[in-house]
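**Student:** One-letter residues, chain by chain:
Number of protein chains: 4
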Amino acid sequence: MFFASDNAGPVHPQIMNRIVADNAGFALPYGKDPVMDEVRASIRKTFEAPDAAVYLVATGTAANVLALGCYTQPWQVIFASEISHIEEDECNAPEFYSGGAKIKLIPTKDKMTPQALRDAVARRDPEDVHMAQRGPVSITQVTERGSVHSLDELRALTAVAQEFELPVHMDGARFANALVALGCSAAEMTWKLGVDVLSFGGTKNGCMGVEAVIFFDPSKAWEFELRRKRGAHLFSKHRYLSAQMAGYLQDDLWKTTAKLANENAAYLAAGLKARGAHFMTEPQANMIFVSFPRAVHQRLHDAGAQYALWDAPLEGPQDEDIAARLVCDWSISRTQIDAFLGYF
Amino acid sequence: MFFASDNAGPVHPQIMNRIVADNAGFALPYGKDPVMDEVRASIRKTFEAPDAAVYLVATGTAANVLALGCYTQPWQVIFASEISHIEEDECNAPEFYSGGAKIKLIPTKDKMTPQALRDAVARRDPEDVHMAQRGPVSITQVTERGSVHSLDELRALTAVAQEFELPVHMDGARFANALVALGCSAAEMTWKLGVDVLSFGGTKNGCMGVEAVIFFDPSKAWEFELRRKRGAHLFSKHRYLSAQMAGYLQDDLWKTTAKLANENAAYLAAGLKARGAHFMTEPQANMIFVSFPRAVHQRLHDAGAQYALWDAPLEGPQDEDIAARLVCDWSISRTQIDAFLGYF
Amino acid sequence: MFFASDNAGPVHPQIMNRIVADNAGFALPYGKDPVMDEVRASIRKTFEAPDAAVYLVATGTAANVLALGCYTQPWQVIFASEISHIEEDECNAPEFYSGGAKIKLIPTKDKMTPQALRDAVARRDPEDVHMAQRGPVSITQVTERGSVHSLDELRALTAVAQEFELPVHMDGARFANALVALGCSAAEMTWKLGVDVLSFGGTKNGCMGVEAVIFFDPSKAWEFELRRKRGAHLFSKHRYLSAQMAGYLQDDLWKTTAKLANENAAYLAAGLKARGAHFMTEPQANMIFVSFPRAVHQRLHDAGAQYALWDAPLEGPQDEDIAARLVCDWSISRTQIDAFLGYF
Amino acid sequence: MFFASDNAGPVHPQIMNRIVADNAGFALPYGKDPVMDEVRASIRKTFEAPDAAVYLVATGTAANVLALGCYTQPWQVIFASEISHIEEDECNAPEFYSGGAKIKLIPTKDKMTPQALRDAVARRDPEDVHMAQRGPVSITQVTERGSVHSLDELRALTAVAQEFELPVHMDGARFANALVALGCSAAEMTWKLGVDVLSFGGTKNGCMGVEAVIFFDPSKAWEFELRRKRGAHLFSKHRYLSAQMAGYLQDDLWKTTAKLANENAAYLAAGLKARGAHFMTEPQANMIFVSFPRAVHQRLHDAGAQYALWDAPLEGPQDEDIAARLVCDWSISRTQIDAFLGYF
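One line per chain: the protein sequences are U, Y, B and D, in this order. Counted from 1, the first sequence has number 233 at position 233 by this note's numbering; the numbering is strictly sequential. Counted from 1, the second sequence has number 150 at position 150 by this note's numbering; the numbering is strictly sequential. Counted from 1, the third sequence has number 50 at position 50 by this note's numbering; the numbering is strictly sequential. Counted from 1, the fourth sequence has number 286 at position 286 by this note's numbering; the numbering is strictly sequential.
Keep in mind the hints are simulated off the structure, nothing from the lab. All figures in this text were calculated on a predicted structure; none of them were measured in a lab. Hints may be right or wrong, so weigh each one.
Said to hold, decoys possible - Okay, the calculated beta carbon distance ranges per label pair:
1. D:E223 to U:R294: 54 to 60 Å
2. Y:A122 to U:P107: 39 to 45 Å
3. D:K273 to Y:E282: 51 to 57 Å
4. D:K45 to Y:E127: 54 to 60 Å
Said to hold, decoys possible - Where chain B lies over chain Y, by a calculated footprint (3+ residues, C-beta under 8 Å):
5. 229-240
6. 330-344
As the list claims (entries may be wrong) - Facing chain U, from chain D, some residues (calculated, C-beta under 7 Å):
7. L226
8. D311
9. R325
Even glycine gets a Cβ: it sits at the ideal position worked out from N, Cα and C.
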């Protein structure tokens, strides 16, 4: 009963098999392996972006901060939600990789609103040398509260960026979960809306440790390569990153695992709802923020269930309730979910 | 006939098997996986260092710069050989991770000499605020020219560091190759000589992508953890780093693969010597710097042999010779070496 | 009628005379000039801090960020008011000088409250490697809205810092204005409350361009000297910084000019109040945040009056009002103030 | 008898008078003062560069590192002489302000040679991501050994930069001394040769503390302004920097004081030569590197003469000789020089 995160399950067999299959003989290092050519072609096709520059790194934080670094000057601010991963969970890595830029937090309950973003951007005076300057907008899709921006909602955000001529980064650690939730194409959720660079997550969705950074504007390609090396994120035995991503992309496995994760979460949410739990937001992908009685929590804890307690305010719960974040990955079984629900 | 580097061969089966074996169910992320406990215990035992703090990262550059970062202030210099990896091959990562420290290059033909190191250290005036201040000493073992410092040579270097109370880092990307060349213990080559922190290489010696950072003084442990996260080098699915290292350490595989690599290089070197090639230095580990006739190079090149041309000055060769770096890993076969030699 | 800032008036004659008087012959550079000895002794006496380390720099931002840099690790946050100078007016200099730390903004209307500070500090988990860690608390006295924390209010803030063992910085760009407003001693407003390092402003209060950084704990002295040089803020002809500060301290000129400035502001505020203007906060030092009819503003503007329009929300004003910040320095005359009021 | 540096003499009366004269009433802060307009116009005229962007800072290190920062990426190297001020005397400020770039030292006895520069530049492979990349060339005129590059020598250096399309910075802390030594125009020694940005020194030549940064290509102007603020080098009471520079430029005072300094040095050098002293290089500006008997040194020391001992190797001196650096500024009198020589 592991609902603590989607970063703790096993590597999907199709991906592991690909790693093992590619483990023969010598392969050129540092991204010159032939499998990377396959990956690049596959991602360009998937995103309908024949000119995109595509790179692989091993952690989601690396993807985010290296991507943002290419679009941020040290005297600028990155506009991001106050609940974003780059603010809350990266221990000043964005500040480090941008040379000391500031993250300007957009007050956000769940999804960043265009109005809140616009207020924050407009307030910065681009002619005032005392004030940190406007920099990129970073949007998280799926949000850190488990919501999925609709295409219209995304468009309203990128419209603000375009109005002020700011670059747009998308933190897509759970890109696949969002995509299958919306049922749109990869292009529709990114460059067609004005996203300049995407962190395309693999790790949380069945890979071992790989994320793609996809530049729809390839002019930043060489700078990214230098930043990646300088950040110590260029792998010599790169072929094992390539193999993961190749296995992940093959036959749209990435959509399959994301669908499994979302369906698991929906199944769990339905079960919780039936048992009277309160939800912070309506779960749309594979994360659930929910409150339920402390006594249930005690029973679950005693039974070894793992999930994160949450201190964010929830509406509706009673004094005796606790709040929790429950995350489903592709690998969790209905048996485990049923067992979990059985403690209610 | 791949002699370009030891970063291009396959993962050793024992390591790959361990990765596959550990790919079941959920495991706590971020280094809290149980296999990491096993790795930690094993390294402490191997190094006879029960208090050592042990961490894993995925690249050699990350190991070096995160380790050095813990011992370097931004207004200091790192004393290192002018041919060191941190100077030549890390694209300013040490400067980045130290917040802008300087690498002060010790003139070096092959091994750093104590006298050259001492001159560089002594010249810095610790009371002169205008001058970048003395910081750590970084020693590369095996050197980037394929030599192995003897224990006495290492001791003479660390003695300089101790005289000036400077911390000592060892870049051990090829630590295993040096250890088996010297036939000493891991403790003898490190903390018994005064090494404070070691980059213990795995990637070049049969792993997929894993290096241990070993602090013999564990007081830097928490700082390292924060630096690793901030550098985006903390893996969520850490168990796959642990599994690699566990497979690498099991039954001293790391020594076995290093011995294979060194023996392959010795076999190749003997063959080259018999064919009249000139050596820049006597090969002691798994790298050979050698010159031979351009005509031979042409034949090898046409046959698809891969190795790096070298522009460093060699003694002895004739005008028609080229210089090359030949590296053997554990996986290259005698058949391939014989084939290579057949073109002479 | 210049009320735009207190950084635009002339140097006080006593200070200029001292500069001219000290302009003879040779003086040792880089802070070894004898006048600096006099300054150091005077500040130690004034602050009843015989062990304090005292340094001079030329800008207020330099004082703040070099002082904070000594107490901030790159993976930490600086706790500061959302209206603080370090956040709003220093173009990411604190982030730059701390190596990429984050300023964690305390929601503040005017003065930081102990509760808001405590909430922000307590929320950070010092054992969670993903989260930027707790770092120093920076308090601005006079605040950027013209208020003066009472000693009790300051004590309540420093008590939070002490509870969590965090260092305390005071941005005292207008330290003198606060001191004379409270009528306390320099020691009472600083180290007796637990302030570790103070930016002691001179520039806004009659100097040409000089600020002292005063470390009540001198253990950071040498680090500060290195940071100052590395930041390019060490003056060769340091004697002219010393001369300014010596002239400023002599016969408590710094209190005299601060009193003048505060009295000018009180006189102006009284006049505005009599004319029905609305105040954002009760002016306590030399800054006034006020709203008045747009028509008055137009007349003032036409007459060449200079002051900053303010977009912060004010309570009370009507639709036709504008909001403004009016700052008085020591040099503005009652004639000018009367002239200004004459346009109402 | 003060020959320790040219940073310890008094401010020239013409400059001090201008400071005093400009100390009346209010002046707009942060470089918007009207005197800055005068300064800008004067420098543009002097350099025959009507489009140049002109800024003032207070220290030579600030001028150098802010100028270089605009032309250096963190993954690049700055090519500079191994005896340059940016390497030897700025405590890693260039590394700090460039975000962690490396200074690649050109082996230099006195003046950088085009061949040594070219070798260092050519060696860097612009397609090798592992290697720090080519960045700007920094040339010091007058050199730190007191020599003056001829226009031809400068042209040979900038030709290398142009061949590789690298920007050129000139550290002109003693620009005036070089200019009057060569008898050329300011344009001839800078942009006509391909210099992109100049640190134009004032402090060592009679000012209190002011240096101009002159961008012949004004496209970097706004970036410089942001970098200056972020570095905490933007003065609020900027008018006192402007006043210094205005006084310095008026009636070519800067050339007058430079001539005085050079003539003083020539007079001293002639006296030393007549007394049998050995010179490291032929003095061309206001610095002399010389050796003379230890007994003379002892007498001078006892008499209170101040100068720096030098440990650099000199040719010619005998065992009983010491080596010294003697610097003359504009203010030292012939009486003092004669007194100094009297101890030989």
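**Student:** For every hint, state whether the structure bears it out.
**Tutor:** Hint check results:
no., hint, result
1, D:E223 to U:R294: 54 to 60 Å, "56 Å, holds"
2, Y:A122 to U:P107: 39 to 45 Å, "57 Å, violated"
3, D:K273 to Y:E282: 51 to 57 Å, "53 Å, holds"
4, D:K45 to Y:E127: 54 to 60 Å, "45 Å, violated"
5, 229-240, "holds (count 3)"
6, 330-344, "violated (count 0)"
7, L226, "4 Å, holds"
8, D311, "36 Å, violated"
9, R325, "37 Å, violated"
In this structure, the earlier hints numbered 2, 4, 6, 8, 9 are contradicted, and the remaining ones agree with it.
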